[in-house]
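Chemist: Produce the entire structure from the sequences given, and follow the hints as far as they go.
Residue numbers (the numbering used here), protein chains in the order written: chain A, 292 to 394; chain B, 173 to 294; chain C, 2 to 456.
Just so you know, these hints were derived from the structure itself, not from any lab.
What you are looking at is a predicted structure, and each value in this text was computed from that prediction instead of being measured.
Every residue gets a Cβ at the ideal spot worked out from N, C-alpha and C, and that includes glycine.
One thing to keep in mind: the hints can contain errors.
To be verified - With the Cβ distance kept under 10 Å, some of the chain A side facing chain C (calculated, not the full set):
hint, residue
1, PHE307
2, ALA331
3, GLU366
4, LEU373
5, ARG380
Said to hold, decoys possible - Negatives, chain A to chain B, calculated, CB over 12 Å:
hint, residue
6, ALA297
7, LEU302
8, ALA304
9, LEU306
10, GLY308
11, ILE309
12, TYR312
13, LEU315
14, PHE344
15, THR346
16, PRO347
17, ASP348
To be verified - DEER-style ranges, computed between Cβ atoms:
hint, chain 1, residue 1, chain 2, residue 2, range
18, A, ASN319, C, PRO447, 50 to 58 Å
19, C, VAL432, B, LYS287, 29 to 37 Å
20, C, ALA394, B, TYR236, 56 to 64 Å
21, B, PHE178, A, ASN319, 44 to 52 Å
22, A, ILE309, B, VAL244, 18 to 26 Å
23, A, ARG317, C, VAL381, 41 to 49 Å
24, B, TYR236, A, ASN319, 14 to 22 Å
25, B, ALA195, C, GLY60, 58 to 66 Å
26, A, THR301, B, ALA195, 34 to 42 Å
27, A, HIS322, B, HIS180, 34 to 42 Å
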Amino acid sequence: MTIGLAHLLTLAAMLFGIGMYGALSRKNAVHVMMSLELMANAVNINLVALSRFLTPDALTGQFFSVFSMVVSAAEIGLGLALVLAIYRRRRTVELDAIDELRG
Amino acid sequence: MQSPAFDHLVVGAFLLFGVVFVAVTVFASNLLSPKGKDEPNRLEPYECGVEPVGPPWVQFRVGYYVYALLFVVFDIETVFLYPWAVSFNKMGLFVLTEMTIFIAILAAGLAYAWKEGALRWR
Amino acid sequence: MADVWRLIPEFLVLGGALVALFAERARSDSRVSAGIAAAFAAAAAVAAAVIGPGGDLFGGQLSLDHIAVFARVAIGALATAWLLWVWGRGVTGERCAEAAALALFSVAGGMLMASARDLIVLYVSLELSTIPAYVLMGYRRDDARGLEGALKYFLLSMLTSLVMLYGLSFVFGISGSTSYGQISLGAAGPLGQVAFVLVLVGLFAKLSAAPFHYWTPDAYAGAQAGAVAYVSTVPKIAGVVALVRLVGAMAPNVAGASGVLVVAAVFSMVLGNLAAFPQSDVRRMMAYSGVAHTGYILLATGAGTAGGPAAVFYAVAYAVPSMAVMMLAEEEGPALDDLGGLASRRPAVAWASLAWLLSLVGIPPVVGFFGKLYLFTSAVRAGFIWPVLVAVAMSVVSAGYYFRLIRSAFLGQRKGAPVVERRTSAATAFVLITVIVLALGVLASPVLAFLGMRF
Chain A
292 MTIGLAHLLT LAAMLFGIGM YGALSRKNAV HVMMSLELMA NAVNINLVAL SRFLTPDALT
352 GQFFSVFSMV VSAAEIGLGL ALVLAIYRRR RTVELDAIDE LRG
Chain B
173 MQSPAFDHLV VGAFLLFGVV FVAVTVFASN LLSPKGKDEP NRLEPYECGV EPVGPPWVQF
233 RVGYYVYALL FVVFDIETVF LYPWAVSFNK MGLFVLTEMT IFIAILAAGL AYAWKEGALR
293 WR
Chain C
2 MADVWRLIPE FLVLGGALVA LFAERARSDS RVSAGIAAAF AAAAAVAAAV IGPGGDLFGG
62 QLSLDHIAVF ARVAIGALAT AWLLWVWGRG VTGERCAEAA ALALFSVAGG MLMASARDLI
122 VLYVSLELST IPAYVLMGYR RDDARGLEGA LKYFLLSMLT SLVMLYGLSF VFGISGSTSY
182 GQISLGAAGP LGQVAFVLVL VGLFAKLSAA PFHYWTPDAY AGAQAGAVAY VSTVPKIAGV
242 VALVRLVGAM APNVAGASGV LVVAAVFSMV LGNLAAFPQS DVRRMMAYSG VAHTGYILLA
302 TGAGTAGGPA AVFYAVAYAV PSMAVMMLAE EEGPALDDLG GLASRRPAVA WASLAWLLSL
362 VGIPPVVGFF GKLYLFTSAV RAGFIWPVLV AVAMSVVSAG YYFRLIRSAF LGQRKGAPVV
422 ERRTSAATAF VLITVIVLAL GVLASPVLAF LGMRF
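Modeler: Structure follows, in structure tokens:
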């Protein structure tokens, strides 16, 4: 059996789904961010696979994934900083406890 | 590497090695370790041979997180340096200028963190 | 490579951000940074106007067409107004230097996004324009509510932008290129439709269009109104330009593309306006009314390329007065009743606010009326008769809650003593915004002709 584009896209879709489920169901802000990272990496797999199989000569997709990695690293850094700031105030990162804003 | 049969052979050898390695280490440690209920170190948690100090659930100092954040951001930016270095010969002066600007912006960020005292250990 | 000089506005803004970060000499006089940043933003706006349209740059990655020029100037000018206001007022409880620098970083992203014609450039500039916004929303480190709002905004925004990125990866896969000129989703059938919808999810969330608007009221009500004044306006202009371009590149061959946009438009208009009505917090009211205004804009976007100029023009026509209303909410207090007695305390501001609110309702002769007129015209031309009727009805509804603000300002009584601190540069921001509201109303048709609207 050879690994083809369909396998990689399926893998990416499954990872993306797992990440999405985690992001929507988890209550801990750090867990949510880990799930978001999973989604980001699913997208990177998608990009690299599509680039490798559909446009093998151009590296566009691979560069796209490099940029997306950098952007998501910056975002996660910021998100953790926010969580840290909230933790210093409230001593919790559970999203259910963070409920001063409702409605 | 050449034929599927060879690939399977490699995987098989790898599996075999893995199983044997785990079996031997478990057997050897069982053979070498001190026995008996009165052995005082038996109930201690294992921390790479270092004596455990304090309770296991410690709160890491916030200072670590600030360093980690700075590290992650600067670490990931080096992703751009690899393709840049590879294509440097083809592109010449223009990419050199671009990379200088890029690194200058990063350095400004670091300088700002420094100025704000984020690098001071508290 | 010879095109680099056309990016002088972006370089000015970036340089200004770095200067602003290091400009303060002492923690007490950090307002200086905002003043310097305002100067750089103004210079960038002027430079963008002087440089003018310039065709495709960097092998088609950027396109400096007329819409891009207009958006760059508008973004620069609005950012100038906000920074002038911050210069005069300061940021309550925190220093200004970082706020000014963050705003300028976001402006750089917005300006790039306004001219992006490549998926990679679009994604990076979109994130550059929104990442500083998260920080601005949670700018006060001692305010847990603001931080919570910022965290929720951040998590939802990152989730939706990853969904969008997933869609972009399929757009790239289907087209084999990230350049807008080569995007063709038509041949892929259902996969093309899925990719289109995934991309729209991200853009809808950034523009707070229904059904991805629910983060907006919470996030705005948690943050300081002064920060919301920036976050809810400047990135929105760039977002609308990006939406117009992306839809123009993707939609033509996708079955049901304009249907999706129009349905989202109708939902946003109805939901936003009805939900804005009972609110007593100005920030919440403006959040819901922002949803409604995005709805109007989506209507023109659904009309295809012909609706583009009207959509971008309306984005500016919405953003300018809305920023001023938020600034006023910061100065006078976020509750509706806090505006009470404004006419006797600050008559000039009260009359200016009348102009802003009339513009938001869409009453002549201010800019909002012309914005809506051309928006609805291009939608009717595309055959969306019923949606436009809904939009007109909803505009009448919106007059109701905007007039509650006006009534409060002119007839209401304020409970408790107001804190009034007048500074010239803050007043300059109000003057600048009011002049834009009035001048764009007079110049609406030449500007729209410049943008490529066919009358």
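Chemist: Each hint needs a verdict: does it hold in this structure or not?
Modeler: Against the structure, the hints:
no. : hint                             : verdict
1   : PHE307                           : 6 Å, holds
2   : ALA331                           : 6 Å, holds
3   : GLU366                           : 6 Å, holds
4   : LEU373                           : 5 Å, holds
5   : ARG380                           : 4 Å, holds
6   : ALA297                           : 20 Å, holds
7   : LEU302                           : 20 Å, holds
8   : ALA304                           : 25 Å, holds
9   : LEU306                           : 20 Å, holds
10  : GLY308                           : 25 Å, holds
11  : ILE309                           : 23 Å, holds
12  : TYR312                           : 25 Å, holds
13  : LEU315                           : 25 Å, holds
14  : PHE344                           : 21 Å, holds
15  : THR346                           : 17 Å, holds
16  : PRO347                           : 17 Å, holds
17  : ASP348                           : 15 Å, holds
18  : A:ASN319 to C:PRO447: 50 to 58 Å : 55 Å, holds
19  : C:VAL432 to B:LYS287: 29 to 37 Å : 35 Å, holds
20  : C:ALA394 to B:TYR236: 56 to 64 Å : 57 Å, holds
21  : B:PHE178 to A:ASN319: 44 to 52 Å : 47 Å, holds
22  : A:ILE309 to B:VAL244: 18 to 26 Å : 23 Å, holds
23  : A:ARG317 to C:VAL381: 41 to 49 Å : 46 Å, holds
24  : B:TYR236 to A:ASN319: 14 to 22 Å : 19 Å, holds
25  : B:ALA195 to C:GLY60: 58 to 66 Å  : 60 Å, holds
26  : A:THR301 to B:ALA195: 34 to 42 Å : 36 Å, holds
27  : A:HIS322 to B:HIS180: 34 to 42 Å : 39 Å, holds
Against the hints set out earlier in the document, no violation occurs for any number.
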